[in-house]
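Visitor: What follows is the residue order along each chain.
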Amino acid sequence: VEATPRRGFLSIVAGAALAVAGAALAVPAVLYLLFPWGRRTVETGDDFSPVGPLASFPVGRFKRVEVISRRRDAWTLTPAVAVGAVWVRREEGAVHVFSTVCPHLACDVEWKGTSFECPCHESAYAPDGARLAGPARRGLDPLEHRVRDGVLEVRYVRFKPDTAERTPA
Amino acid sequence: MGRLRDWLEDRVGYRQPLERLLYEPVPGGARWRYVFGSALLFTFGVQLVTGVLLAFHYTPSATDAWSSVWYIQENVTLGWFLRGLHHFGAMAMVVLLAVHALQTFASGAYKKPRELNWIVGVLMAGIVLAFALTGYLLPWDQKGYYATKVATNMVGSVPLVGEALQQVIQGGNEYGQLTLPRFYALHVFVLPGLLLGLLGLHLWLFRRHGVAFPAHLAPEEAVRRAQPFWPHQAARDGLFALAVFAAIVALTVAYRGAPIFAPADPARPFDVARPEWYFLFLFQLMKYLPGDWEILTTVVLPGGALLFLCALPFLDRGPSRALAARKGFAAAFFGALAGVLALTGLALYEDAADPAFAEKIAAAEKEAAKFRALAHQGIPPEGPTALATPEEKAERLFADKCGTCHAYQGKGAKSAPDLTGWGTRAWIAAFLKNPKAPDKYGYEKSNFVKKGGMPDLKLSPQEIAALVEWIFEEAGEPHDRKLAAQGRKAFETGGCDMCHAYGKPFKAPNLQGWWSRTWLEKMLRDPADPNLFGERNQMKVPPLADGERKLLADWLLSLRKGR
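Residue numbers (my numbering), protein chains in the order written: chain Z, 1 to 169; chain W, 1 to 563.
Accuracy of the hints is not assured; some may be wrong.
What the hints assert, rightly or not - Derived Cβ-Cβ restraints for the label pairs, each shown as a range:
1. Z/Glu165 to W/Ser558: 47 to 53 Å
2. W/Ala363 to Z/Leu18: 41 to 47 Å
3. W/Leu123 to Z/Pro36: 35 to 41 Å
4. Z/Val81 to W/Ala362: 34 to 40 Å
5. W/Ala247 to Z/Pro36: 27 to 33 Å
6. Z/Pro53 to W/Asn173: 45 to 51 Å
7. W/Ser558 to Z/Pro36: 39 to 45 Å
8. W/His216 to Z/Leu18: 28 to 34 Å
9. Z/Arg155 to W/Gln377: 19 to 25 Å
10. W/Arg31 to Z/Ala19: 20 to 26 Å
What the hints assert, rightly or not - Listed next, the stretches of chain W that the computed footprint assigns to chain Z, with coverage defined by at least 3 CB atoms under 8 Å from CB atoms of chain Z:
11. 76-84
12. 242-256
No lab work stands behind these hints, which were simulated from the structure alone. The beta-carbon is built from N, C-alpha and C at its ideal position, and this holds for glycine as well.
Next comes chain Z alone, as it looks inside the complex (with noise of 0.2 Å):
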């Protein structure tokens, strides 16, 4: 096909118009899928959540619970839900509480009697949530919590996993 300038405008016009829809549609397109980018689309109650009565947790041994809070998932609100577990310990005069959540990859620690194991890449934890072994890079977290007239109440948190220093998610 021979080239004309009438051919050369014509061209111009087709790309222009195809590029100009196309760019109308693309970039509301990507801020559209960059939606959930930095925004905390999963929320759990950030107050403390009653987890049982102190004495019916064992002494010198970890007991695991779930932790009962507030959650808004995107548009859902569910007002009391489990949003995670803690392993929790009675000493005298202190408790241990700390997230289930391995602080490598995040798969759920076991207590193993003397210590705590993760089933996924072999992380192992003192009873103090010390790192003992594996490829995580920090102790278990420990969860903030308190006694309110003899029963335990604890703020659930997650971190992020992976990191030596302890940042929420």
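Dock chain W against chain Z, hints included.
Guide: Chain W in isolation, oriented as in the chain Z frame:
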């Protein structure tokens, strides 16, 4: 760049097919009248892109569909815009489809050798309408729910196979959890797949036979005047597609995207259910036909139209593509089109001329706005129909927990005082005038009646007015101070204190703070308190959570606000 292209050409061999695609000669030259097909193709592309994007957030479940669409509409960046493009893009496709069909018919392009392509086009038109029908339900709002129910019930009315067909389409005997996933699967997998397949065939056949150039051109003349598709026809196609896109964008911006009505709720009526405007002619036709004739609108007409269109190339076998040579068929085609337009116009006119319809639409939009606003607080897991204003929640709670004894606005039982207008001046005045009226404390089996209770004090209207003001003062409501002081005096001198005390329990309730919030919350906790009804109490308070008690108290107090 050039070397990269050569490298690619060596391996893929794209140049020849691309050139064949772009430089295909258009016999008789490029024309504006050929732009509609490619505009349809373009709009379908817009539908594909926006549809895939919507699927990133849309959730096809009866409990979450409305919420996810609301989320797209009010939360996701430009979600309202992309959903609007999809909505108005669908309308544009229907309009372009009609124009494309009209242009194809007018140019006689269904005739030999293009019969098969005409039939493929008719089938594609059917698929586009199926897209519209299935998509209408997906937001699971009142409009889509009720309008689509009509459509599936129409299917059910078809003789012999109707019931089975309806159950397969809607996923069982009723709309429920199984319904939306089916419509969704049809809308996003089956129909696009079918349309893409037929589209490929349509374009293949189109390229095989080329455009149907104007009938008055001799074939040799058409070949002589041929121009390549790129850029001559492509520029026209591109500009027109851009204009269509601009119209879609303009409509989207003007209407702030697509509408979303209140969430689908079979328990709540929606009396302005209408199909999308391009189905209005069938809707209108149904109004005129008695039930027994329904098969006309459900089977005979659509089926007949489809059959006629598919058979057209074989019925009209004349060699000439000129319109003048096929007057009969043209009359049938344009006559049917005029009928559709007339019925559509009538349907629109009847609604526009009906002031009640406008009111109902306004009410439906208000209801929708209420749900959209409530949704911002978070939607309960059981779904958006459970969203309610505090007053609605309190009314439901009242009906559930208190309505077993108390009446309110004509509903509920009558074995306790009627609480319609409770706490207002009028209610208290009526009570003081006749405490043992059946709708006050004279209900059946009332201790008030059985054990004497408050006698009729034969109070004068002035005394009643003064006592009412005094009770309003005790309740902490705005009141007339002079009258209230008189009321207080009447309480002390008029014999009320034979039974009632102020500030301490006595034979009858302690009147300090009577009808205030503190008093009401105490009533809702323990009405048998010696300061309240004491041993004469008959009110059994059902178990209430603190939040529920507050909700009820707020609502009961709001009933008399300023009255």
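Visitor: Indicate, hint by hint, whether the structure satisfies it.
Guide: Do the hints match the structure? See the list:
The hinted range of 47 to 53 Å is satisfied by Z/Glu165 and W/Ser558, whose Cβ atoms lie roughly 51 Å apart. Between W/Ala363 and Z/Leu18 the beta carbons are some 45 Å apart, a value that agrees with the proposed interval 41 to 47 Å. The hinted window of 35 to 41 Å between W/Leu123 and Z/Pro36 holds, with their beta carbons roughly 40 Å apart. Our hint of 34 to 40 Å for Z/Val81 and W/Ala362 holds, since their Cβ atoms are close to 39 Å apart.
Checking the proposed 27 to 33 Å range against W/Ala247 and Z/Pro36 shows it holds: the Cβ atoms sit about 32 Å from each other. Between Z/Pro53 and W/Asn173 the beta carbons are some 49 Å apart, a value that agrees with the proposed interval 45 to 51 Å. A hinted range of 39 to 45 Å for the beta carbons of W/Ser558 and Z/Pro36 is consistent with their spacing of about 40 Å. At about 33 Å, the beta-carbon gap between W/His216 and Z/Leu18 stays in the expected band of 28 to 34 Å.
For Z/Arg155 and W/Gln377, the Cβ-Cβ distance of about 23 Å falls inside the hinted range of 19 to 25 Å, so the restraint holds. A beta carbon spacing of about 24 Å between W/Arg31 and Z/Ala19 agrees with the range 20 to 26 Å that was offered as a hint. Residue count for the segment 76-84 of chain W with a Cβ under 8 Å from a Cβ of chain Z: 6. That meets the three needed, and the coverage hint holds. For the segment 242-256 of chain W, the stated coverage by chain Z holds: 3 residues have a C-beta nearer than 8 Å to a C-beta of that chain, and at least 3 were required.
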